[in-house]
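Engineer: For the protein sequence lines, the chains are V and S, in the order given. In case it helps, UniProt numbering puts the first sequence at residues 1 to 376. In case it helps, UniProt numbering puts the second sequence at residues 1 to 319.
Be careful, since some hints might not be right.
[Stated by the list, open to error] No more than 35 Å apart at the CA atoms, straight line, and that leaves these computed lysine-lysine pairs for DSBU-like:
hint, chain 1, residue 1, chain 2, residue 2
1, S, Lys249, S, Lys273
2, S, Lys273, V, Lys160
3, V, Lys240, S, Lys249
4, V, Lys165, S, Lys273
5, V, Lys239, S, Lys175
To be clear, the hints were calculated from the coordinates, so they are not data collected in a lab.
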Amino acid sequence: MQIKGRNYSSIWISLIAIFLGLLVGAIVMLLSGFNPIEDYGNLILGAVGSPNAIGETLRSATPLILTGAGFAIANSAGFFNIGLAGQALVGWLCSVWFAITFPNLPGPIMIPGALLAGALAGAFWSGIAGVLRAFFGASEVIVTIMLNYTALYGTNAIIKGMIAKGNNDYSPTIPVAARLRTPFLERITDNSTFHWGLLIAIAAAIFLWWLMKKTTLGFEIRAVGMNPDASRYAGMSTKKTIIAAMLISGALAGLGGAMEGLGNFQNIMVNNALPDIGFDGMSVSLLAGGSPIGIIFSALLFGILKIGGLNISITSTTPPEIVNIVTASVIFFVGAQYLIRYFFDRRTAAKERKEDSATPPSTGAKPQTEEGSDTK
Amino acid sequence: MNIQTLLMTVISTSLIYSAPLIFTSIGGAFSEHSGIVNVGLEGMMVMGAFASVVFNLAMGNAFGAATPWVGLIVGGLIGMAFSLIHAVATINLRTDHIISGTVLNLMAPALAVYLTRLLFNGRGQTAIIQHPLATVNIPVLSKIPFIGPVLFSSTSPAAWVGIIVSVLSWWILSKTRFGLRLRSVGEHPEAADSVGISVYAYRYAGVLISGFLGGIGGAVMAQSITLNFSVTTIVGQGFMSLAAMIFGKWHPVGAMGAALFFGFAQSLAIVGKYIPVVRAMPDVIFTVAPYIITIIVLVAFIGNARMPAADGSTFIKSK
């Protein structure tokens with residue numbers, strides 16, 4: 001699905017989708033005998049009620065901005081990068097691996113080096129899907145799904161077989177010079193896990209905006225996403241654009257994984273499932289309609305839901321999974337925006353219909369539902 | 001271990017691991033032939049697994065030996081009910097099929113674990129079921145010399161049912177009126193509509209059948225392999241089924257064949273301990289093999305395959 005044509009009503013669609021998602025959550029809570037007002041109150045309190053909570057919420061949003069930006073750029077080029085989780089995982093592994101392999105590097109080289117290792121690993125992983133799509137027409141949806149699981153089991157084997165000490169299921173902790181957390185940040189946020197990665201994430205969102213709006217590559221990516229045939233006819237190399245978009249997408253996802261390694265956990269452990277930041281990043285980007293500033297806000301919302309959700313289950317017996325039900329519902333309504341638009345634009349639509357019937361059919365408005373036929 | 005026992009172990013384990021994929025991938029084929037892309041198979045499996053385990057725990061004493069089989073139906077029905085979300089979203093609300101399927105995958109584990117916590121005093125996983133889908137010796141067939149013991153003794157009955165269902169599905173899709181109409185809706189909905197076939201009804205049928213079979217697939221997984229329900233009961237089998245369907249070129253029997261192959265690849269990691277050459281290789285090779293093979297096959301052979309022409313499209317009935 002292409003998310004194009006931002007207009008004034010898009011922000012309203014996101015807000016209405018959030019509202020409807022919260023409403024679904026409230027109904028589920030009511031049906032199962034919990035008090036939604038109390039639970040949502042505790043959620044807000046748990047997410048922004050103290051310096052520590054704010055720190056945790058911001059930390060939780062940090063990787064989502066990066067994976068969200070990664071999803072958005074691939075999506076602009078017409079790719080559904082479902083492989084963010086795998087790309088983040090290899091990025092996480094390689095950033096930690098770099099840090100523990102060269103423990104004596106000074107800070108100014110260590111952190112950029114580890115970040116670069118993460119970004120390159122993510123780019124390599126998504127690049128496989130980009131190349132296979134560009135040269136063989138292999139569906140990036142299937143290839144990235146398969147690469148996700150390859151990444152999951154591959155990184156687990158590397159952690160257990162090559163990195164962990166003894167029989168552990170986790171790597172050694174990264175050296176102090178590679179840490180994005182600092183005593184200063186811990187002090188001001190009351191010992192939360194907040195780290196400097198947020199600045200990197202915001203820089204990435206600004207980079208996304210600059211790339212898409214101000215560069216030739218960004219223009220080509222959007223053009224290929226909207227109409228690959230026309231772009232090829234106009235002399236653009238669609239293969240090159242496809243691969244470039246996927247490489248940047250994977251690099252951003254890899255950086256998202258590096259945030260977990262260098263900031264949040266400060267190591268990497270054997271995982272039973274793919275990291276949440278992959279699918280959450282996708283949701284973040286869909287909710288934001290691909291807009292870079294929107295991605296920052298929508299990642300913050302996800303951070304609030306995630307961290308605040310923990311507080312729900314501490315203060316009541318409501319299962320913490322309620323938060324995931326809410327986020328899935330929000331994305332459902334974003335996807336089903338035809339429904340929202342139908343009510344929202346009823347008046348505009350009526351007006352357009354009138355205008356349409358006045359113009360000859362050949363210039364009539366194209367139905368907006370033809371989107372997405374090439375995503376498979 | 002002699003060759004007969006070895007073959008028996010490999011085949012029996014392959015069938016056990018294939019069975020969930022067989023049902024789910026055939027379900028995927030029905031959905032896609034009706035024109036609805038279904039990346040939500042994973043979510044449907046989760047709901048089927050959850051429902052069958054809850055049923056098995058609650059009604060095991062009442063149904064006795066029939067429990068797991070009734071559990072399959074219950075899992076299928078809940079999977080079907082859950083797939084309604086996908087049907088309404090893609091058919092009526094014009095949602096992008098991949099986004100809708102992804103919502104299913106996000107929603108199912110959240111909802112199922114939420115309900116598990118409500119039903120089992122806050123715990124995120126259920127107890128172990130007492131009436132699993134056990135391996136059986138198929139009467140008569142297991143008496144055939146050599147082939148009998150290898151193929152039909154201590155084998156997975158669900159896998160054999162799945163194989164029968166795949167042939168049946170092929171017959172339905174290519175020989176019956178219902179199947180031909182279903183496919184016409186996935187190939188050229190406008191043409192189907194113009195001759196009076198209800199595109200919406202057939203697309204609903206395709207998605208609901210995929211929900212039913214996906215639910216059964218999840219129920220087979222839970223009742224024969226994991227034996228309880230938790231968030232890790234279904235980890236990627238739905239995506240594997242999707243791959244099997246594409247690998248099998250949208251053909252039910254092809255999908256079944258691909259599912260058998262994936263089951264075989266997974267079983268190698270387990271029975272590999274008994275095979276000298278295989279034993280020397282690191283486990284991870286077998287764990288990732290199905291995924292890498294899927295990519296290779298996709299790149300190398302899929303060129304010949306053609307997905308249903310209108311797969312992934314939204315049909316809007318003109319006035």
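Engineer: Would you mind confirming whether the straight-line C-alpha gap from Lys240 (chain V) to Lys249 (chain S) stays at or under 35 Å?
Structural biologist: Holds - the C-alpha atoms of Lys249 (chain S) and Lys240 (chain V) are around 29 Å apart, at most 35 Å.
Engineer: So if I understand the rule, the pair passes when the alpha-carbon distance is 35 Å or less; does Lys249 (chain S) with Lys273 (chain S) pass?
Structural biologist: holds, 33 Å
Engineer: Given the proposed pairing of Lys165 (chain V) with Lys273 (chain S), does the C-alpha separation stay at or below 35 Å?
Structural biologist: holds, 25 Å
Engineer: Verify the proposed pairing of Lys239 (chain V) with Lys175 (chain S), using a straight-line Cα cut of 35 Å.
Structural biologist: Violated, at about 41 Å.
Engineer: Given the proposed pairing of Lys273 (chain S) with Lys160 (chain V), does the C-alpha separation stay at or below 35 Å?
Structural biologist: Measuring from Cα to Cα gives roughly 19 Å; hence the hint holds.
In this structure, only the earlier hint numbered 5 is contradicted, and the remaining ones agree with it.
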